[in-house]
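Colleague: These protein sequence lines are chains R and E, in that order.
For the first sequence, our numbering gives the first residue as 1, with consecutive numbering after it.
For the second sequence, our numbering gives the first residue as 1, with consecutive numbering after it.
No lab work stands behind these hints, which were simulated from the structure alone.
Every value quoted in this text rests on a predicted model; they were computed, and no experiment measured them.
Idealized CB from N, CA, C, for every residue including glycine.
Among the hints, a few may not be true.
[Stated by the list, open to error] Derived lysine-lysine pairs resembling DSS-like cross-links, with alpha carbons at most 30 Å apart:
| id | chain 1 | residue 1 | chain 2 | residue 2 |
| --- | --- | --- | --- | --- |
| 1 | R | Lys-36 | R | Lys-279 |
| 2 | E | Lys-94 | R | Lys-430 |
| 3 | E | Lys-94 | E | Lys-51 |
| 4 | E | Lys-191 | R | Lys-197 |
| 5 | R | Lys-320 | R | Lys-283 |
| 6 | R | Lys-11 | R | Lys-279 |
[To be verified] Taking beta-carbon pairs under 7 Å as the criterion, some of the chain E residues facing chain R (in silico):
| id | residue |
| --- | --- |
| 7 | Thr-75 |
| 8 | Gly-228 |
| 9 | Thr-229 |
| 10 | Met-279 |
| 11 | His-283 |
| 12 | Glu-350 |
| 13 | Ser-353 |
| 14 | Ala-361 |
| 15 | Arg-363 |
| 16 | Ile-366 |
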Amino acid sequence: MQTKILLDEEKIPKRWYNILADLPSPMDPPLNPQTKKPVGPDDLAVIFPMELIRQEMSPDRFIDIPEEVRDVLRLWRPSPLYRARRLEQALKTPAKIYYKWEGVSPAGSHKPNTAVPQAYYNMKEGVERIATETGAGQWGSALAFATMLYDIECTIYMVRASYTQKPYRKSMMQVWGAECIPSPSTKTNAGRAMLEKDPDTPGSLGVAISEAVEDAATHNNTHYSLGSVLNHVCLHQTVIGLESRDQLASVESYPDVVIGCVGGGSNFAGISFPFAGDKLTGKHPDVDIVAVEPASCPTLTKGLYAYDFGDEAGLTPIMKMYTLGHDFIPPSIHAGGLRYHGDSPIVSKLVHDGVMRAVSYHQTEVFDAAQTFARSEGIIVAPETSHAVKAAIDEALKCRKTGEAKTILFNASGHGNFDMSAYDAYYAGKLVDYEYPDALIREALGRLPKVP
Amino acid sequence: MLTIGFLVNPIAGMGGAVGLKGTDGLLSEAIRRGAEPEAGQRALAALRPLKELQLRFLSCSGGMGEDALRSAGITGFEVVYKTPEVTSSDDTRKACQMFSDRGVELILFCGGDGTARDVYDTVLDRVPVLGIPAGVKMYSAIFAVTPEAAAEIVHHWVSSPPHLRDAEIVDVDEEAYRCGELRTRLHGYAKSPYHPGLVQGTKQVWEDQDEERAKAGIGRFLSEVIQGTPEILYLLGPGSTTGAIARQLGVEKTLLGFDAVMRGTLIASDLNEKGMLGMLSGHGRCRLIVSIIGAQGSVLGRGTQQVSPKVLRKIGVENVIVVATPHKLSETPLLFVDTGDVELDAAFGEYFSVISGYHIAQRKRIGRVSSGI
């Protein structure tokens with residue numbers, strides 16, 4: 001019985017899928033933080049290469065992947081799609097569970113899918129250095145790998161809590177030649193301001209983004225790079241869903257449910273946008289698409305759909321998205337990559353319009369699920385990924401009750417080999433089930449930027 | 001060099017061993033039942049690891065300290081209180097007064113809740129206090145988990161400045177306790193050293209590691225909520241965590257009482273049941289903010305008698321907000337509600353979402369109270 005569904009290297013997608021072309025209504029535009037007017041290409045040219053700005057705003061349904069980029073992707077793509085038969089047996093479910101395994105990339109997650117094209121376009125424009133931020137270290141290590149390929153210097157502001165918790169991610173960045181700095185740092189105004197306000201802060205993605213944007217904006221030879229949230233990042237990740245759809249088609253299948261975990265939304269966009277496109281265009285109107293987030297940082301399930309900054313200091317464009325407020329510092333859960341106050345504007349719109357839905361889980365229950373997965377399928381997933389595993393298991397258990405044989409697809413976005421301290425805490429009974437007291441927060445004073 | 005006032009309540013724990021659930025007033029009965037002093041052994045377990053440290057001890061003669069210090073091989077001590085043949089709570093108080101007068105930096109005592117109360121009554125929060133657990137009941141929050149943990153906390157104190165926190169001293173009604181009923185009453189707040197590493201995975205969760213920082217976050221968050229809901233009357237329960245909310249609002253709060261706040265202004269202090277009912281009938285919506293009392297996870301118990309079932313029903317269980325620092329929550333696996341009204345207790349459901357920081361809550365399971373905890 002087939003377990004792994006593999007594609008030839010030639011089947012690596014030649015084009016990314018741009019869901020903006022299939023949205024029934026246009027996106028609300030990002031706004032300039034100073035003028036509050038829609039952002040134009042020139043506003044972004046200080047920190048991004050022009051080709052990425054074009055992709056960010058492109059109305060084209062498909063965008064060609066450069067051959068040079070596909071050549072690098074061959075190192076790990078097409079990634080395998082697994083039929084999780086052992087998990088199905090463990091759950092005694094009639095459901096068919098498939099997972100796309102993105103842990104095979106050099107950095108161990110889906111992140112290089114966008115790091116490589118981003119570094120490539122920067123190289124094409126002659127950029128010498130890239131500054132970025134990283135939460136749990138997945139993005140930082142992916143960009144360190146990608147910039148190394150194109151001989152670009154890389155400076156990474158790593159959220160302080162993760163910098164301490166996950167020293168080996170920092171080591172990986174060093175192996176690939178990047179500089180990794182704990183954030184908030186004293187190198188930027190944003191970092192210094194945060195440290196002055198609270199010297200013991202664990203940091204947050206919002207602060208680290210402010211630092212990296214400021215670094216790029218104040219150095220002529222430096223661009224900024226973001227590992228999630230933005231349209232072009234989601235675009236690059238669609239190779240995940242495009243391959244998955246081909247792989248399922250090769251066994252004459254199509255998913256009833258598509259699941260991914262959400263921090264900024266890129267891996268979820270990657271697995272789900274091609275299927276959401278099928279839904280929007282009427283090819284598969286009933287596919288159920290589920291975004292999974294932590295109960296401690298429940299942006300899509302409890303946030304407001306409103307304009308807000310993407311970072312703590314208010315340097316980035318103001319975007320219409322689900323947000324918990326740009327000054328929200330989520331508790332230090334082990335799924336550091338899901339600690340973001342906002343979300344991809346496209347994912348936000350699709351959830352808001354009912355094309356997708358969102359669920360949230362507590363920390364302990366997702367580790368229960370990760371353990372079940374590891375003990376059936378063998379793979380130890382990252383704490384972020386365990387959220388998707390939990391939702392897939394819950395869907396499969398629902399099928400056990402109803403007797404339905406649904407086809408469930410989820411994105412196994414990364415391995416947890418550097419997250420053993422999180423598993424240790426789980427086994428020591430020390431995981432805390434954080435929550436977001438949304439009702440009380442809504443009653444407190446308003447903190448979103450005033451947009452005319 | 002750190003100077004420690006050290007004392008042992010030699011009779012602590014004797015009642016427990018022979019099924020008396022406490023020794024207060026029952027020493028002769030305990031001895032008749034064959035109880036033997038055990039506190040000395042517990043004290044010894046805490047002292048042995050301290051032998052190599054540069055410490056100066058002030059203590060009491062014989063069984064109230066000297067014997068344990070000598071057995072542990074500690075020589076750097078001075079006897080400042082002569083222990084009488086038969087000891088009582090009076091001796092604990094007198095010895096602590098001597099320690100305080102001599103300027104000790106920490107009082108390390110070995111005993112139970114009764115001893116803790118005697119120490120606290122003498123030095124209040126002027127001198128930090130750490131308990132080596134040896135009593136029958138240890139519901140006060142100044143006790144280390146084990147004697148060895150007490151030693152470790154002292155070790156940490158020597159190597160770096162201590163973290164001090166407010167720790168509840170609770171009274172347990174011994175008579176009721178012997179009848180299988182836990183009745184506690186908040187007695188006061190002592191200052192006590194703690195070391196987060198002893199209860200938390202190191203480097204695991206940053207905001208768990210600083211009590212004052214967590215309290216300030218809770219205070220800031222709920223003061224914003226109070227100001228954002230001017231139509232709601234808030235009753236702030238006892239404790240230093242709820243006190244942080246009052247501090248943020250700039251209002252004077254009684255430490256052990258229930259105070260009423262509206263639109264960020266204090267409108268009544270130290271309310272009893274009647275006062276609360278009067279307040280409630282005059283206002284529309286009301287919320288109650290309470291913290292966890294003592295080490296046993298009590299949220300609303302028979303100790304907080306002002307908040308009677310009648311008051312709670314009037315407020316509504318959905319309007320009860322529980323606050324606690326992450327450190328306190330890490331020490332408290334289960335929370336308990338024991339209002340004396342079983343139906344009302346059940347209405348709280350299975351979990352509390354406890355506010356533990358700025359915009360942060362933790363889900364904690366509510367335990368079921370059975371007779372004779």
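Colleague: Now tell me if each hint is right for this structure.
Modeller: Going through the hints against the structure:
Proximity of Lys-36(R) to Lys-279(R) is assessed by CA-CA distance (about 34 Å); at most 30 Å being required, the pair is judged violated. Of the pairs offered as hints, the one joining Lys-94(E) and Lys-430(R) is violated, with about 41 Å between alpha carbons and a cut-off of 30 Å exceeded. A hinted pair counts as satisfied when its Cα atoms are at most 30 Å apart, and Lys-94(E) with Lys-51(E) qualifies at roughly 26 Å. Proposed proximity of Lys-191(E) and Lys-197(R) is supported: the alpha carbons are some 27 Å apart, at most 30 Å.
For the proposed pair Lys-320(R) and Lys-283(R), the alpha carbon gap of about 28 Å is at most 30 Å, so the pair holds. In summary, the hint linking Lys-11(R) to Lys-279(R) is supported, as the alpha carbons are separated by about 23 Å, within the 30 Å threshold. With 7 Å as the threshold, the beta carbon of Thr-75(E) stays out of range of chain R, its nearest partner Cβ sitting at about 39 Å, so the hint is violated. At about 5 Å, the closest approach between the beta carbon of Gly-228(E) and any beta carbon in chain R falls short of 7 Å, and the interface hint on this residue holds.
Against a cut-off of 7 Å between C-beta atoms, the interface hint on Thr-229(E) holds, since the closest Cβ of chain R lies about 5 Å away. For Met-279(E), the interface hint is violated, since its Cβ never comes within 7 Å of a Cβ in chain R; the closest pair sits about 21 Å apart. With a cut of 7 Å, the hint placing His-283(E) at the interface with chain R is violated, because the nearest CB-to-CB distance is about 17 Å. Interface restraint check: Glu-350(E) against chain R, minimum CB-CB distance 12 Å, threshold 7 Å, status violated.
Restraint check, Ser-353(E) versus chain R: the minimum CB separation of about 5 Å is within 7 Å; hint holds. Because the closest C-beta pair between Ala-361(E) and chain R is about 4 Å apart, less than 7 Å, the hint holds. Annotation: Arg-363(E) was flagged as interfacial toward chain R, and the flag holds, the nearest CB pair being 4 Å apart, inside 7 Å. At its closest, the beta carbon of Ile-366(E) sits 14 Å from a beta carbon of chain R; the interface hint therefore is violated under the 7 Å criterion.
Hints 1, 2, 7, 10, 11, 12, 16 from the earlier list are contradicted by this structure; the remaining hints agree with it.
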